[in-house]
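Number of protein chains: 2
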Amino acid sequence: MNRVYVVGIGPGAGKQMTEEAREVLNACDTIIGYTVYVDLVKEQFPEKEFLTTPMKQEVKRCKMAFEEAMKGKKVAMICSGDAGVYGMAGLMYEVGVEFPKAELEIVPGITAAIGGAAVLGAPLIHDFAVISLSDLLTPWEKIEKRVRAAAMADFVICLYNPSSRKRHDYLEKACNMMLEYKAEDTICGIVRQIGRDGQESRILTLKELKDTEVDMFTTVFIGNEQTQEMDGHMVTPRGYRDV
Amino acid sequence: MNRVYVVGIGPGAGKQMTEEAREVLNACDTIIGYTVYVDLVKEQFPEKEFLTTPMKQEVKRCKMAFEEAMKGKKVAMICSGDAGVYGMAGLMYEVGVEFPKAELEIVPGITAAIGGAAVLGAPLIHDFAVISLSDLLTPWEKIEKRVRAAAMADFVICLYNPSSRKRHDYLEKACNMMLEYKAEDTICGIVRQIGRDGQESRILTLKELKDTEVDMFTTVFIGNEQTQEMDGHMVTPRGYRDV
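Quick note, the sequences are listed as chains G and A, same order.
Mapping of the first sequence onto full-length UniProt numbering: position 84 corresponds to residue 84, and the numbering continues sequentially without gaps.
Mapping of the second sequence onto full-length UniProt numbering: position 74 corresponds to residue 74, and the numbering continues sequentially without gaps.
The following block holds chain G by itself, in its conformation from the complex:
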């Protein structure tokens, strides 16, 4: 069996990488990934072979990984954050059906929800829902249904891909839906460039969030009924104090 690793390198490929991830990358011959992620790790692993494909060539990228492994190389496909949250682990299993002699191992990483929460304080202490606002691969009606359901049941909500050039008003639309169920002063937080140079964050209300422009490098958090701002941090209590 040729083993192929799918590795989450954490939000910035820096110290938030797990020890297991670094160990696997150190042991590999070839590291494959989206151009931007490969650039993040290249300097840290100078002796490796690197292969990339641009965005929208994900299937090709996966095939490349299996084909290199079939040549006898030890291969790792890397993803920013975690490989299993909107990452390549799923597609690797799908494409892997054509390569029955290869076996996948998924190495988990810190996804933006977890890394961004740590920057803001402790927003995800209680039940939460993670939703991508990108309708590139999902019908908007489904996204809408999920945003409404999560807001209605008072989940803390973490939004991935809140914006892009073509979808500049999606976050505003999502906020308007959440405002049907959540109060205007619900505490929210945004984090940009998590774990990378230029990381920045801000706490604001849901009403303010609605009129805030964010870019595709931003992760957005919307609190539940209990979420508070504490000394500049976004904190969702779990209730230990009442026990």
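The set of hints was computed from the structure by calculation and includes no laboratory data.
Do not take every clue at face value.
Heads up, the list lumps identical chains together, so a pair's fine if it works in one copy or across two of them.
Claimed, not checked - List time: in silico BS3-like cross-link candidates among lysine-lysine, alpha-carbon distance up to 25 Å:
| id | residue 1 | residue 2 |
| --- | --- | --- |
| 1 | 73 | 63 |
| 2 | 74 | 101 |
| 3 | 42 | 15 |
| 4 | 56 | 166 |
| 5 | 56 | 210 |
| 6 | 48 | 166 |
| 7 | 60 | 142 |
| 8 | 101 | 63 |
| 9 | 48 | 210 |
| 10 | 73 | 207 |
Since the structure of chain G is already known, use the hints to place chain A on it.
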């Protein structure tokens, strides 16, 4: 300012710990945590001072951390998995209000949803909801509302604390609610002792899950409409193949 670290040590305190977490623990004088978690790291940091409190003494444990920091020690409060997902980061902010000279820094870790997903395959590739079935700190009605909302909107669902001695039928109850919206053959997965000795996992249908006994060391995953079993793994496609 005395800085206090709240550190997620990952599922098993082994190689899934981030480099940042190990760096912080190495630099600390005192490591504080729930007895079971302290036992997980003790051997790896032989020269540290360790302080513990048992379960249900969370507030005391937090105060202890701040009090030790006020003595001038460099202190880390550790949590299994991530400190921000059902972890101590929130309570540390709450208790921290009484210690205005202390500043918190949260160091993220691999939570059971992320670590367990990597064991099963790729169940969380698309929008997902994380729900704890423990009604120790949350009214059961709220849990019920969230389970129904998440099932209704076809989220992949990850359940923490699916069972305990007093709550042996909670998973069955949750499955019955989900079966109102999700098909009986929905692909599910369970992982026990993630990242620890004796780790085990199983893929099964929602109908089978309903009649399965799990313990408190188990994390449960319920797929969405697209989730499939592929070669013994639980995989939720994201849709790249249709682009």
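Cross-check of the supplied hints:
{"no.": "1", "hint": "73 to 63", "in the structure": "within (14 Å within a copy, 52 Å between copies)"}
{"no.": "2", "hint": "74 to 101", "in the structure": "within (14 Å within a copy, 50 Å between copies)"}
{"no.": "3", "hint": "42 to 15", "in the structure": "both (15 Å within a copy, 22 Å between copies)"}
{"no.": "4", "hint": "56 to 166", "in the structure": "within (16 Å within a copy, 50 Å between copies)"}
{"no.": "5", "hint": "56 to 210", "in the structure": "neither (30 Å within a copy, 39 Å between copies)"}
{"no.": "6", "hint": "48 to 166", "in the structure": "neither (36 Å within a copy, 53 Å between copies)"}
{"no.": "7", "hint": "60 to 142", "in the structure": "neither (27 Å within a copy, 44 Å between copies)"}
{"no.": "8", "hint": "101 to 63", "in the structure": "within (13 Å within a copy, 54 Å between copies)"}
{"no.": "9", "hint": "48 to 210", "in the structure": "neither (45 Å within a copy, 47 Å between copies)"}
{"no.": "10", "hint": "73 to 207", "in the structure": "neither (52 Å within a copy, 42 Å between copies)"}
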